[in-house]
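Novice: Okay, here's what each chain looks like letter by letter:
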Amino acid sequence: MGFLFESFQHAISLILSFDREVFDTVWTSLYTSTVAILLAAAVGVPFGTFLGLGRFPGKRAALTLLNTLMALPTVVVGLVLFGLFSRQGPLGSWGFLFTPMAMIAGQMVLATPIVANYTVAAVAGADPRIMTTALTLGASRLRAMRQLLVETRFGIVAAIVAGFGRVIAEVGVAMMLGGNIRGYTRTMTTAIALETSKGEFAFGLALGIVLLAVALVVNLFLNLLQQR
Amino acid sequence: MKRFRILLAAVLASLLFCGVATAAEHLRLATTTSTENSGLLAVLLPPFEKANDCKVDVIAVGTGKAIKLGETGDVDVILVHARAREEKFVAEGYGVNRRDVMYNDFVILGPAEDPAGIKGLADGAEALKKIAAAQATFVSRGDDSGTHTKEKSLWKKVDITPEGQWYLEAGRGMGEVITMATERRGYTLADRGTFIAYKSKTDLQVLTEGDKALFNPYGVIPVNPKKHPHVKIDLAEAFVAYLTGAEGQSIIANYRKNGEPLFFLYK
Numbered sequence: 001m002g003f004l005f006e007s008f009q010h011a012i013s014l015i016l017s018f019d020r021e022v023f024d025t026v027w028t029s030l031y032t033s034t035v036a037i038l039l040a041a042a043v044g045v046p047f048g049t050f051l052g053l054g055r056f057p058g059k060r061a062a063l064t065l066l067n068t069l070m071a072l073p074t075v076v077v078g079l080v081l082f083g084l085f086s087r088q089g090p091l092g093s094w095g096f097l098f099t100p101m102a103m104i105a106g107q108m109v110l111a112t113p114i115v116a117n118y119t120v121a122a123v124a125g126a127d128p129r130i131m132t133t134a135l136t137l138g139a140s141r142l143r144a145m146r147q148l149l150v151e152t153r154f155g156i157v158a159a160i161v162a163g164f165g166r167v168i169a170e171v172g173v174a175m176m177l178g179g180n181i182r183g184y185t186r187t188m189t190t191a192i193a194l195e196t197s198k199g200e201f202a203f204g205l206a207l208g209i210v211l212l213a214v215a216l217v218v219n220l221f222l223n224l225l226q227q228r
Numbered sequence: 229m230k231r232f233r234i235l236l237a238a239v240l241a242s243l244l245f246c247g248v249a250t251a252a253e254h255l256r257l258a259t260t261t262s263t264e265n266s267g268l269l270a271v272l273l274p275p276f277e278k279a280n281d282c283k284v285d286v287i288a289v290g291t292g293k294a295i296k297l298g299e300t301g302d303v304d305v306i307l308v309h310a311r312a313r314e315e316k317f318v319a320e321g322y323g324v325n326r327r328d329v330m331y332n333d334f335v336i337l338g339p340a341e342d343p344a345g346i347k348g349l350a351d352g353a354e355a356l357k358k359i360a361a362a363q364a365t366f367v368s369r370g371d372d373s374g375t376h377t378k379e380k381s382l383w384k385k386v387d388i389t390p391e392g393q394w395y396l397e398a399g400r401g402m403g404e405v406i407t408m409a410t411e412r413r414g415y416t417l418a419d420r421g422t423f424i425a426y427k428s429k430t431d432l433q434v435l436t437e438g439d440k441a442l443f444n445p446y447g448v449i450p451v452n453p454k455k456h457p458h459v460k461i462d463l464a465e466a467f468v469a470y471l472t473g474a475e476g477q478s479i480i481a482n483y484r485k486n487g488e489p490l491f492f493l494y495k
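Read top to bottom, the protein sequences are chains A and B. Once you know that position 49 of the first sequence is 49 in my numbering, the rest is easy, because the numbers rise by one and skip nothing. Position in the second sequence (first residue = 1) + 228 = my numbering.
Quick caveat, the hints were computed from the structure, so don't treat them as lab data. Each hint should be verified, as a subset may be incorrect.
Stated by the list, open to error - Computed Cβ-Cβ distance ranges for the label pairs, DEER-style: (1) F5/A / E341/B: 23 to 31 angstroms; (2) G487/B / S17/A: 56 to 64 angstroms; (3) F18/A / A361/B: 48 to 56 angstroms; (4) H458/B / L142/A: 42 to 50 angstroms; (5) D127/A / M408/B: 54 to 62 angstroms; (6) K427/B / V75/A: 49 to 57 angstroms; (7) E21/A / M408/B: 23 to 31 angstroms; (8) Y494/B / G183/A: 46 to 54 angstroms; (9) P46/A / K427/B: 40 to 48 angstroms.
As the list claims (entries may be wrong) - These stretches of chain A come out as covered by chain B in the derived footprint (C-beta under 8 angstroms, 3 or more residues): (10) 66–75; (11) 93–104; (12) 168–181; (13) 197–206.
Claimed, not checked - In silico contact screen, one side only, chain A against chain B (beta carbon under 10 angstroms); selected entries: (14) S17; (15) Y184; (16) L194.
Glycine residues also receive a C-beta, built at the ideal position from the N, C-alpha and C atoms.
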């Protein structure tokens with residue numbers, strides 16, 4: 001018990017002293033996850049809206065597929081994109097491997113199905129009269145859709161929060177595509193993995209606490225948005 | 229909605245700014261977990277980065293994976309420890325101008341009670357033979373690293389194929405394997421540098437050491453630009469020159485952990 005307690009104390013003092021390395025990894029985590037989730041939202045929300053509202057053959061199959069993609073193992077995404085981004089792979093000339101860009105791409109692949117799926121649920125659960133009312137009031141189809149998204153913003157924001165939670169907490173993609181490079185692609189999760197491997201329990205724990213704190217702050221912020 | 233848009237714009241602008249701010253040249257170095265975990269790179273790299281106005285991106289993996297990353301051209305230079313495989317790497321045209329950097333040695337670690345009775349034995353392969361005979365727990369890297377390569381060559385020497393409940397293939401880095409062996413009260417083969425760096429975190433002891441077969445040399449090899457034209461060969465050559473030059477060599481020689489040197493220079 002003393003071991004755990006001492007580690008916890010060390011963790012707190014690390015955070016309070018504003019350790020440069022801790023700050024760097026927190027920043028890398030936030031940066032890649034934020035860009036990834038914005039991109040995922042740009043793709044996932046329209047796609048989810050379309051899927052939720054549309055009536056077309058194969059919709060059930062598409063929804064099932066989307067559900068399956070939600071459970072994509074991060075190491076599989078890491079592996080496939082590693083093959084794509086490696087110099088011997090088709091996109092090798094881009095030089096993406098072991099850069100934050102590669103991590104963002106991987107995280108976007110992970111988050112998009114989640115955002116899309118929650119969006120489907122949000123628009124499918126919305127009052128069906130919103131669209132028709134807007135349309136009869138003379139709104140264009142695009143305008144009506146925008147109105148729908150405004151009305152369902154709770155669900156949409158929840159979709160984005162869920163996606164963000166997934167990408168900031170995952171370690172497979174960040175490790176395989178980012179390479180855990182100090183001060184460049186080292187995120188909170190890969191740093192925790194590394195510190196544990198080095199036997200530096202306290203530093204790992206410190207980062208774990210920061211990770212939780214970041215999740216809390218992000219959720220508080222999004223709560224604020226939802227209440228408007 | 230307006231507040232949201234302003235916020236979004238601010239986030240995007242700050243992200244863009246960060247993208248521009250990290251424009252320095254990057255040299256990609258694939259190396260073994262032992263150089264990274266021992267803490268050597270943290271003191272060795274900054275002077276080079278400063279002098280050449282670049283960043284060295286360290287990808288710390290096993291020697292096998294590091295060589296693979298060199299073959300595919302995903303890194304510019306490798307710093308590894310498996311002499312035979314390094315020579316093959318150069319012979320096949322993947323690398324140029326291999327240079328010796330430093331050396332230390334491998335040791336066999338085990339619990340103080342030493343159930344296989346290998347304490348004081350000088351011959352590494354003989355020690356493994358005794359461990360196998362006693363069916364005492366042995367944790368192997370199992371990850372195709374330089375240490376794993378060495379371990380396999382030792383098993384081969386005494387003609388044993390290690391298998392069974394007592395032989396654990398971890399598939400993890402050196403530090404993790406030392407931790408595992410500590411928890412399982414088992415034996416393991418480790419490089420001395422990582423062991424010294426871990427001394428305060430393990431109660432395993434050095435039981436076998438000093439064998440010629442346990443010699444552990446490190447070499448640095450730039451990736452061949454003829455094979456991979458995008459390789460930053462000038463910077464890679466500068467890095468080799470730094471490691472083998474006066475400044476790099478003196479940093480390596482003076483690097484100590486818990487008062488002990490971790491790596492030694494060729495005289």
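Novice: So, for every hint listed, does it hold in this structure?
Specialist: Here is what the structure says about each hint:
1. F5/A / E341/B: 23 to 31 angstroms: Check passed, 30 angstroms falls within 23 to 31 angstroms.
2. G487/B / S17/A: 56 to 64 angstroms: Violated: the Cβ-Cβ distance is about 26 angstroms, outside 56 to 64 angstroms.
3. F18/A / A361/B: 48 to 56 angstroms: 55 angstroms, holds
4. H458/B / L142/A: 42 to 50 angstroms: 44 angstroms, holds
5. D127/A / M408/B: 54 to 62 angstroms: Hint holds: Cβ distance 57 angstroms, inside 54 to 62 angstroms.
6. K427/B / V75/A: 49 to 57 angstroms: Violated: the Cβ-Cβ distance is about 33 angstroms, outside 49 to 57 angstroms.
7. E21/A / M408/B: 23 to 31 angstroms: With Cβ atoms ~26 angstroms apart, the hint holds.
8. Y494/B / G183/A: 46 to 54 angstroms: 31 angstroms, violated
9. P46/A / K427/B: 40 to 48 angstroms: The hint (40 to 48 angstroms, Cβ to Cβ) is violated, given that P46/A and K427/B are roughly 57 angstroms apart.
10. 66–75: Violated: only 0 residues of the segment 66–75 of chain A have a Cβ under 8 angstroms from chain B.
11. 93–104: holds (count 4)
12. 168–181: holds (count 3)
13. 197–206: holds (count 3)
14. S17: Because about 18 angstroms separates S17/A from the closest Cβ in chain B, which is outside the 10 angstroms limit, the hint is violated.
15. Y184: 6 angstroms, holds
16. L194: 8 angstroms, holds
Comparing the model with each numbered hint stated earlier shows that hints 2, 6, 8, 9, 10, 14 do not hold.
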